[in-house]
Structures are given as C-alpha cells and as structure tokens.
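In case it helps, this note's numbering puts the sequence shown at residues 405 to 555.
These are calculated hints, taken from the structure and not from any lab test. Some clues are possibly wrong.
[As the list claims (entries may be wrong)] Mimicking SDA-like on lysine to any residue, the simulated pairs with C-alpha atoms at most 25 Å apart in a straight line are:
id	residue 1	residue 2
1	Lys499	Cys526
2	Lys424	Phe410
3	Lys421	Phe514
4	Lys424	Gln452
5	Lys454	His431
6	Lys453	Ile417
7	Lys499	Phe410
8	Lys453	Glu492
9	Lys424	Cys526
10	Lys453	Asp494
[Claimed, not checked] For each label pair, taking beta carbons as the anchor points, the in silico distance ranges come out as:
id	residue 1	residue 2	range
11	Asn441	Glu413	28 to 36 Å
12	Met489	Arg430	15 to 23 Å
13	Thr534	Glu413	40 to 48 Å
14	Arg490	Ile437	18 to 26 Å
15	Thr534	Arg425	34 to 42 Å
16	Thr537	Arg490	29 to 37 Å
17	Glu493	Pro473	30 to 38 Å
18	Gly530	Leu426	30 to 38 Å
No experiment lies behind these values; they were computed from the predicted model shown. Here a beta-carbon is modelled for each residue, glycine too, at the ideal position from N, C-alpha and C.
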Amino acid sequence: NVIDDFARELFLIMRYKTNKRLLRTRHSIPLVICGENSNAQTDICLIQKKREFLLIVQDDKRFYNNKDPEVIAEAVAAFQENNRMRKEEDRILNKMVIPCITMIGTYPRFYLVPVTMELSNCIITGQYPTNNTEVLCYIPKIPKRISDGMK
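Take the sequences, apply the hints, and build the full model.
Rendered as structure tokens:
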C-alpha cells in the first residue's frame with residue numbers, strides 16, 4: 405500500500421527507527437475480547453526492542469472516515485501485549501497512553517488513547533467500565549486548494 409509505504413518512509417526519515425526501536429508493517433497484536441482470543445492488525449507500529457508497542461498507524465483503505473474503533477482496539481491490544489511482556493519482569497502498567505495515527509489518503513488524524521488496567525480488564529471480560537475513557541483526537545485542517553498545503 406502506497407500510504408503505508410509513505411508513512412513508513414516518513415518515520416525512517418524522522419529517525420524513529422533506531423537500534424532500540426523497530427518499525428513493523430502489517431503486524432498482528434494479540435487481543436482478548438470477552439474471553440475470546442483475537443488479533444488487532446496494525447498497518448505500521450513502532451516497537452521498542454523489548455517488544456513494547458509505542459505507536460500505531462492505521463490506514464483507511466476504503467475511505468470510510470471512521471477508523472476510530474479500529475485504532476482504539478489496536479491501542480488496547482498494544483496495552484494488553486505490553487503488560488503481558490512486562491509481567492515476566494513484574495513491571496505491569498496500570499495506565500499507558502498509546503499515540504496512534506490514522507491515515508485517510510495522505511491526511512492524518514492523531515490520537516492519544518489512554519488505556520487503563522480497568523478498561524483492559526473490562527474488554528477482556530466483556531463488561532462496561534465504571535470510568536469513562538476520553539480519547540484525544542486532532543484532525544489537521546485540510547485545505548480547499550492543494551496549493552494552500554496543510555495548516
């Protein structure tokens with residue numbers, strides 16, 4: 405996919421990939437929903453060498469304009485997987501904010517998805533959390549004319 409290639413190259417140019425961080429494409433992250441094992445499929449993700457997910461990118465290939473549920477599910481999967489890996493070292497997190505980006509064509513949307521242990525456990529067991537989760541989203545203004553550029 406051209407958009408995935410563009411995003412990956414952009415991360416490479418910006419030096420997100422180092423000897424301690426990997427850029428992965430089409431990476432599947434285990435996700436438990438209502439007691440069932442599933443997977444969340446990222447287009448691009450940034451992973452620290454110890455397999456800790458740091459950033460998720462999802463491309464809207466169909467131009468539906470609503471990748472919010474999918475990218476939030478991927479953030480929850482990243483939290484669950486991060487804690488599964490941290491459990492071995494007794495370093496479990498109670499909360500992690502996962503930065504995410506969705507691409508609709510070449511236009512990005514930026515998210516900060518706070519995932520808590522309560523939210524993750526409720527998703528695992530199929531229950532409603534008692535506390536709300538507020539996802540922050542920034543949508544850059546898209547110009548009417550290409551010559552105006554993004555603002």
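Checked hints:
no. : hint                        : result
1   : Lys499 - Cys526             : holds, 14 Å
2   : Lys424 - Phe410             : holds, 22 Å
3   : Lys421 - Phe514             : holds, 19 Å
4   : Lys424 - Gln452             : holds, 6 Å
5   : Lys454 - His431             : holds, 15 Å
6   : Lys453 - Ile417             : holds, 19 Å
7   : Lys499 - Phe410             : violated, 31 Å
8   : Lys453 - Glu492             : holds, 15 Å
9   : Lys424 - Cys526             : violated, 32 Å
10  : Lys453 - Asp494             : holds, 18 Å
11  : Asn441 - Glu413: 28 to 36 Å : holds, 33 Å
12  : Met489 - Arg430: 15 to 23 Å : holds, 20 Å
13  : Thr534 - Glu413: 40 to 48 Å : holds, 43 Å
14  : Arg490 - Ile437: 18 to 26 Å : holds, 21 Å
15  : Thr534 - Arg425: 34 to 42 Å : holds, 35 Å
16  : Thr537 - Arg490: 29 to 37 Å : violated, 21 Å
17  : Glu493 - Pro473: 30 to 38 Å : holds, 32 Å
18  : Gly530 - Leu426: 30 to 38 Å : holds, 33 Å
Comparing the model with each numbered hint stated earlier shows that hints 7, 9 and 16 do not hold.
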